[in-house]
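Using the hints, position chain B against chain A.
What follows is the residue order along each chain.
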Amino acid sequence: MDDAGIGGQVWRLLEPADLTWRCWDDEYVVFHPFSGMTHYLDATAGGVFEVLLTRPATVDDLTVALADLGQTPVTESLGVAVQQILRRFDEVGLAETQS
Amino acid sequence: MPPASASDGALGAQFHTSGVALHIAGIRVNIRTDVPHLPEQIQYMYSGHRFETAAGIDNFQIYLSYTNKLRRFVKRQTQVYVDGTTHFIPAPERLSYISLESALNWCISQTLSNVVLHAAVVERDGVAVVLPAPSASGKSTLCAALVLRGWRLLSDELCVIRPQDGRLQPTARPISLKNESIALIQRWAPDSQFSPLFAETSRGTIAFLRPPAASVARAAEPAEPGLIVSPSWRADATPALQSLGKSESFRLLAGNSLNYFATQRLGFETLAGLVDRCASYRLSYATLAEAVETMETLLARTLAARRRDGRAAATA
Chain A
1 MDDAGIGGQV
11 WRLLEPADLT
21 WRCWDDEYVV
31 FHPFSGMTHY
41 LDATAGGVFE
51 VLLTRPATVD
61 DLTVALADLG
71 QTPVTESLGV
81 AVQQILRRFD
91 EVGLAETQS
Chain B
1 MPPASASDGA
11 LGAQFHTSGV
21 ALHIAGIRVN
31 IRTDVPHLPE
41 QIQYMYSGHR
51 FETAAGIDNF
61 QIYLSYTNKL
71 RRFVKRQTQV
81 YVDGTTHFIP
91 APERLSYISL
101 ESALNWCISQ
111 TLSNVVLHAA
121 VVERDGVAVV
131 LPAPSASGKS
141 TLCAALVLRG
151 WRLLSDELCV
161 IRPQDGRLQP
171 TARPISLKNE
181 SIALIQRWAP
191 DSQFSPLFAE
201 TSRGTIAFLR
211 PPAASVARAA
221 EPAEPGLIVS
231 PSWRADATPA
241 LQSLGKSESF
251 RLLAGNSLNY
261 FATQRLGFET
271 LAGLVDRCAS
281 YRLSYATLAE
291 AVETMETLLA
301 RTLAARRRDG
311 RAAATA
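These protein sequences, in sequence, are chains A and B.
Letter 81 of the first sequence, counting from 1, is numbered 81 in this note's numbering, and no numbers are missing.
Letter 200 of the second sequence, counting from 1, is numbered 200 in this note's numbering, and no numbers are missing.
Please keep in mind that the hints were generated in silico from the structure rather than gathered at the bench.
There are no misleading hints in this set.
Rough simulated footprint, nothing fancy, chain A against chain B, three-plus residues with beta-carbon under 8 angstroms:
| no. | region |
| --- | --- |
| 1 | 244-257 |
| 2 | 264-271 |
So the derived list for chain B, only partly shown, Cβ under 10 angstroms to chain A, looks like this:
| no. | residue |
| --- | --- |
| 3 | Tyr260 |
| 4 | Phe261 |
| 5 | Val275 |
| 6 | Asp276 |
Predicted, not measured: the structure shown is a model, and the values here were computed from it.
All C-beta atoms, glycine included, are put in the ideal place defined by N, C-alpha and C.
Same shape as in the complex, but just chain A (with noise of 0.2 angstroms):
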């Protein structure tokens, strides 16, 4: 996927009612139950997977979103993070773009 796409589409949650998951100080633990893997998710990666349980989002929703949270401006830089973000969670079958 080029990035000049990426911003605009709509990324989802996989199956959120079948994940597991527990948010201690700001990090977030989640079992995915079809790779049967545990995914340790720093404060930005967890901001992201936070909002995605409850709506679906576009990056540019999403950096709005993670910039509120974080009580923190806007910037390029947060974007590209939670673009790559949404890349390793479409990797481990976390999260994917609605079609």
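Below, chain B without anything else, positioned relative to chain A:
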């Protein structure tokens, strides 16, 4: 090792025929052996445990025998079978007891009805402390030192967590000590009772400390977890107790679990539940005295906090 009594003799003979069942951590293991001296060692080290001679439903069957008939006379080697399959390399006959202990560990770690960690567990005043740590971190030595100061032994090696209520299932088995730790614990508690020394094993010299009778008597009584403390011994360590975040604590437990991946969602929920209900620490120490003192101070603080919480709940 004291001589077996007349009844022990009858029990001992059955180890050589149909076997004797031992109940540990909710599982029944039938133990059968051709090795002449082994029943006496088992009965001595597992004195007070529940042995059964009647046929019943075994979860595992351990059979310890000679590798072949010739080996019975020359450089005797024994092989341990669990349910007819070998999972271990043969060992010299004199190390048969260690082979048995390894096989029992293997059996406990194979069950999927409990979540099993590589960790010692002790308990005092209703607070069970899980001590997860890799080998050579001093986990068993600290565990032995604590139980010889009145803490209840649940296990020096395997923390068995019951998923249905998150409580910890004791095994109250002998404590495995290696090399310098053996003399250290003998000095710590000169009256402590040991197995024979097993020299020249792959891990050096090993001896097993007999579990305290009071702990064995409560082997069917699960304990409420309250603390997770990961010990780390180093001769030049500065004593320190460092608080661990819950995410890091979970990672520590999962990394020390023997069946986390096999137990899947049950494993996740069980470990997360343990982390939820426990405060977690990393303990660095150089001497047993300072480690035991730190553990007792931590326990006192935990009990005081519980009393405060109890009073606050009562007045709310």
